[in-house]
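Asks: Each chain, letter by letter, is given below.
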Amino acid sequence: DIQMTQSPSSLSASVGDRVTITCRASQSISNFLNWYQQKPGKAPKLLIYAASSLQSGVPSRFSGSGSGTEFTLTISSLQPEDFATYYCQQSYRTPWTFGQGTKVEIK
Amino acid sequence: EVQMVESGGGLVQPGGSLRLSCAVSGFTFSSYWMSWVRQAPGKGLEWVANIKYDGSEKYYVDSVKGRFTVSRDNAKNSLYLQMNSLRAEDTSVYYCARVKGVRMLNSNDWYDSFDPWGQGTLVTVSS
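Protein chains in written order, with our numbering: chain A, 860 to 966; chain B, -4 to 122.
To be clear, the hints were calculated from the coordinates, so they are not data collected in a lab. Values in this document were obtained by computation on a predicted structure and should not be read as measured data. Built from N, CA and C at the ideal position, the CB exists for glycine as well. Worth double-checking, as some hints may not be accurate.
Claimed, not checked - With a straight-line Cα cutoff of 30 Å, these simulated DSBU-like cross-link-like pairs (lysine-lysine) come out:
hint, chain 1, residue 1, chain 2, residue 2
1, A, K962, B, K71
2, B, K38, B, K53
3, A, K904, A, K962
4, A, K904, B, K47
5, A, K898, B, K38
6, A, K962, B, K38
7, B, K95, A, K901
8, A, K966, A, K904
To be verified - What follows is a set of in silico ranges between Cβ atoms, one per label pair, in the way DEER data are often shown:
hint, chain 1, residue 1, chain 2, residue 2, range
9, A, S912, B, G11, 41 to 47 Å
10, A, T933, B, V0, 19 to 25 Å
11, B, V0, A, K898, 16 to 22 Å
12, B, K47, A, P939, 36 to 42 Å
13, B, K71, A, G927, 38 to 44 Å
14, A, S871, B, Q8, 40 to 46 Å
15, A, E940, B, S102, 30 to 36 Å
Please model the entire structure based on the sequences and the hints provided.
Replies: As C-alpha cells, this is what we get:
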C-alpha cells in the first residue's frame, strides 16, 4: 500500500499568515494527489485535485503543487474560516490512502 | 443541487451485521463510480470501497474484504454497504462519496477524487 505522510501534524497560525502543509508519498504517485478540508462534525470537502487543480467554488488563496512523492498545500492568507483539519489523499492505486491529517489552529 | 444522505448506522454487537444506505439526488447516479470512506472517532479518513457506475467492478480495503459488500441500485439512486462480522475496530462514521473523475488535457489518465460527500452515519460496534 502507498503510505501518505503529512507534516506538520498540527500548526498554530494567525489570520493573514501564509500556511504550507506538506504531504509525502512512500512511492511516486505522479500527480494523483488530492487535498480535503474537514471542519469538526462535518464531512470533508474537496479543495484541490490532481495536485494543483482548484475545485470549483474554492477560494483562490488555496493552491497545491508537487508531483512524484512530495506535495504541498498552501493557504496564501489564512482566514478565520480556514481553521480546520486538512488531509491529502492519493488516487494513483487502490487502496486509495489518506495522510493522517494536519490540524490548523488559531494562534 | 446534489444531495447524498446516508442512513442505517447504529449500535451493533461484535459479530453482528448492518446495512448502510446512501440515497442520492441531483445528478445522474448511474454515470458515476461511488465510494464509502470511514472515520473512526477522533481519527483520520480511511477509504473502504469503490463500485463502478454499473456495479461490474468493486474494490475494497484489505481490512474489510470478505466481510463488507458494496452494491448499488441505479433505478433507486441508492448505494449500499452490507457489513457482516463487525468488529470493534469498524466503529466509525461512514461517508458515501461520489467519485469525481477528471481527464486532464493531453492525458489518457482519469484523476479521481471524492466530491461531494454525504453527512455520514455513525456505526458503533460494542457489546
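Asks: For every hint, state whether the structure bears it out.
Replies: The hints, checked one at a time:
1. K962/A x K71/B: violated (38 Å)
2. K38/B x K53/B: holds (25 Å)
3. K904/A x K962/A: holds (15 Å)
4. K904/A x K47/B: holds (22 Å)
5. K898/A x K38/B: This hinted pair holds, its Cα atoms lying about 13 Å apart.
6. K962/A x K38/B: OK: K962/A and K38/B at ~12 Å, within 30 Å.
7. K95/B x K901/A: holds (20 Å)
8. K966/A x K904/A: holds (23 Å)
9. S912/A x G11/B: 41 to 47 Å: Holds, since S912/A and G11/B (Cβ atoms, about 42 Å apart) stay within the stated range.
10. T933/A x V0/B: 19 to 25 Å: 34 Å Cβ-Cβ, so the 19 to 25 Å window is violated.
11. V0/B x K898/A: 16 to 22 Å: Since the Cβ atoms of V0/B and K898/A sit about 19 Å apart, the hinted range of 16 to 22 Å holds.
12. K47/B x P939/A: 36 to 42 Å: Roughly 41 Å apart at Cβ, these two residues keep to the hinted range, so it holds.
13. K71/B x G927/A: 38 to 44 Å: holds (42 Å)
14. S871/A x Q8/B: 40 to 46 Å: holds (42 Å)
15. E940/A x S102/B: 30 to 36 Å: holds (33 Å)
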